[in-house]
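Novice: Just so you know, my numbering puts 43 at position 43 of the sequence shown, and the rest follows in order with no gaps.
It cannot be assumed that every hint is accurate.
[Stated by the list, open to error] Calculated pairs, DSSO-like style, for lysine-lysine (alpha carbon to alpha carbon, straight line, at most 30 Å):
{"no.": "1", "residue 1": "Lys97", "residue 2": "Lys11"}
{"no.": "2", "residue 1": "Lys11", "residue 2": "Lys153"}
{"no.": "3", "residue 1": "Lys146", "residue 2": "Lys11"}
{"no.": "4", "residue 1": "Lys106", "residue 2": "Lys159"}
{"no.": "5", "residue 1": "Lys150", "residue 2": "Lys94"}
{"no.": "6", "residue 1": "Lys158", "residue 2": "Lys22"}
{"no.": "7", "residue 1": "Lys159", "residue 2": "Lys148"}
{"no.": "8", "residue 1": "Lys74", "residue 2": "Lys61"}
{"no.": "9", "residue 1": "Lys102", "residue 2": "Lys153"}
{"no.": "10", "residue 1": "Lys150", "residue 2": "Lys61"}
{"no.": "11", "residue 1": "Lys102", "residue 2": "Lys146"}
{"no.": "12", "residue 1": "Lys102", "residue 2": "Lys22"}
{"no.": "13", "residue 1": "Lys61", "residue 2": "Lys158"}
{"no.": "14", "residue 1": "Lys89", "residue 2": "Lys61"}
{"no.": "15", "residue 1": "Lys162", "residue 2": "Lys26"}
{"no.": "16", "residue 1": "Lys148", "residue 2": "Lys162"}
[Stated by the list, open to error] Derived CB-CB ranges, DEER-like:
{"no.": "17", "residue 1": "Glu138", "residue 2": "Pro75", "range": "18 to 26 Å"}
{"no.": "18", "residue 1": "Leu92", "residue 2": "Phe160", "range": "23 to 31 Å"}
{"no.": "19", "residue 1": "Lys162", "residue 2": "Gly24", "range": "18 to 26 Å"}
{"no.": "20", "residue 1": "Pro75", "residue 2": "Lys141", "range": "21 to 29 Å"}
{"no.": "21", "residue 1": "Asp78", "residue 2": "Lys153", "range": "31 to 39 Å"}
{"no.": "22", "residue 1": "Leu23", "residue 2": "Leu3", "range": "16 to 24 Å"}
{"no.": "23", "residue 1": "Glu138", "residue 2": "Lys162", "range": "18 to 26 Å"}
{"no.": "24", "residue 1": "Phe144", "residue 2": "Gly24", "range": "34 to 42 Å"}
What the hints contain is simulated information worked out from the structure, not anything from laboratory work.
We put the beta carbon where it would ideally sit given N, CA and C, even for glycine.
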Amino acid sequence: MLLSSTLAFRKVSDISPEILKKLGIKGLILDVDNTLTTHDNPRPADGVLEWLDLMRNNNIKMMIVSNNHHPRVKPFADMLGLDFIPEGKKPLSKGFKEAVAKMGMKKNEIAVVGDQIYTDVLGANLMNLKMLYVVPIEKEKTAFFKFKRKMEKPFLPKKFVK
1 MLLSSTLAFR
11 KVSDISPEIL
21 KKLGIKGLIL
31 DVDNTLTTHD
41 NPRPADGVLE
51 WLDLMRNNNI
61 KMMIVSNNHH
71 PRVKPFADML
81 GLDFIPEGKK
91 PLSKGFKEAV
101 AKMGMKKNEI
111 AVVGDQIYTD
121 VLGANLMNLK
131 MLYVVPIEKE
141 KTAFFKFKRK
151 MEKPFLPKKF
161 VK
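Start from the sequences, fold in the hints, and give me the full structure.
Specialist: In structure tokens form, the structure reads like this:
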């Protein structure tokens, strides 16, 4: 189904190299806001830097694909030492296709990690990529996001790893 995830996690740091290995995943396409940090926050969430090191130590290739603009994504990606694609136009294929090409991997070796059903999950499924859903780090405050999250409820995962 287009709005379902391969697996779901409470937070990004719950995704382990062992789980990725079982899925045949060697690369991750990462969302930024509410996945690696909160909205407009220039610092990663607790545990993210250690998790990135764990992934690197297990030879997991990673890059960011964000719908945000270059001035938001570049400083954050640079701080994490990750390649990135801003204005990825998720759920459309633009950013995902660029990431797959840059990573130089087969699509069945890559998973998308993100918190939004109508951008990350839908986009991953439209591209035939595995999807690792993570619960948003915090509730958004804007009316647009409150509405969007309400519309996502019927499609949220019921079962989480860990």
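Novice: All hints are to be evaluated individually against the structure, with a verdict given for each.
Specialist: Against the structure, the hints:
At roughly 25 Å between alpha-carbon atoms, lysine 97 and lysine 11 fall within 30 Å of each other, so this suggested pair holds. As the CA atoms of lysine 11 and lysine 153 are separated by approximately 18 Å, the hinted pair is consistent with the 30 Å bound. For the given pair, lysine 146 sits about 20 Å from lysine 11 by alpha-carbon distance, which is consistent with the 30 Å threshold. For the hint linking lysine 106 to lysine 159, the alpha-carbon distance of about 28 Å falls within 30 Å, and the restraint holds.
Between lysine 150 and lysine 94 the alpha-carbon distance is near 27 Å, which keeps this suggested pair within the 30 Å criterion. Note on lysine 158 and lysine 22: the hinted pairing holds, with a Cα-Cα distance of about 21 Å set against a maximum of 30 Å. As the CA atoms of lysine 159 and lysine 148 are separated by approximately 21 Å, the hinted pair is consistent with the 30 Å bound. Our distance criterion of 30 Å between C-alpha atoms is met by lysine 74 and lysine 61, whose separation comes to about 18 Å.
The straight-line distance between the Cα atoms of lysine 102 and lysine 153 is roughly 33 Å, outside the 30 Å bound, and the hint therefore fails. Between the alpha carbons of lysine 150 and lysine 61 the distance comes to roughly 33 Å, so the proposed pair goes past 30 Å and is violated. Among the hinted pairs, lysine 102 with lysine 146 is inconsistent with the structure: their alpha-carbon atoms are about 34 Å apart, more than 30 Å. Of the supplied pair hints, the one linking lysine 102 and lysine 22 holds, its CA atoms being roughly 24 Å apart against a limit of 30 Å.
Between lysine 61 and lysine 158 the alpha-carbon distance is near 28 Å, which keeps this suggested pair within the 30 Å criterion. Distance check on the hinted pair: lysine 89 and lysine 61 sit about 22 Å apart at the alpha-carbon level, within 30 Å; holds. Proposed proximity of lysine 162 and lysine 26 is supported: the alpha carbons are some 21 Å apart, at most 30 Å. Restraint check: the Cα-Cα separation between lysine 148 and lysine 162 comes to about 27 Å, which is no more than 30 Å; the hinted pair holds.
In this structure the supplied range 18 to 26 Å holds for glutamate 138 paired with proline 75, their Cβ-Cβ distance being about 20 Å. About 28 Å separates the C-beta atoms of leucine 92 and phenylalanine 160, a value consistent with the hinted range of 23 to 31 Å. The hint said 18 to 26 Å for the Cβ distance between lysine 162 and glycine 24, and at roughly 20 Å that hint holds. Look at proline 75 against lysine 141: about 23 Å separates their beta carbons, and that is inside 21 to 29 Å.
Separation of aspartate 78 from lysine 153 is about 35 Å and conforms to the stated range, judged on CB atoms against 31 to 39 Å. For the pair leucine 23 and leucine 3, the supplied restraint of 16 to 24 Å holds, since their beta-carbon distance comes to about 19 Å. A C-beta distance of roughly 20 Å is found between glutamate 138 and lysine 162, which places it inside the suggested range of 18 to 26 Å. Against the hinted window of 34 to 42 Å, the Cβ-Cβ separation of phenylalanine 144 and glycine 24 comes to about 37 Å, which satisfies the hint.
In the structure shown, a violation is registered for the earlier hints numbered 9, 10, 11, in ascending order.
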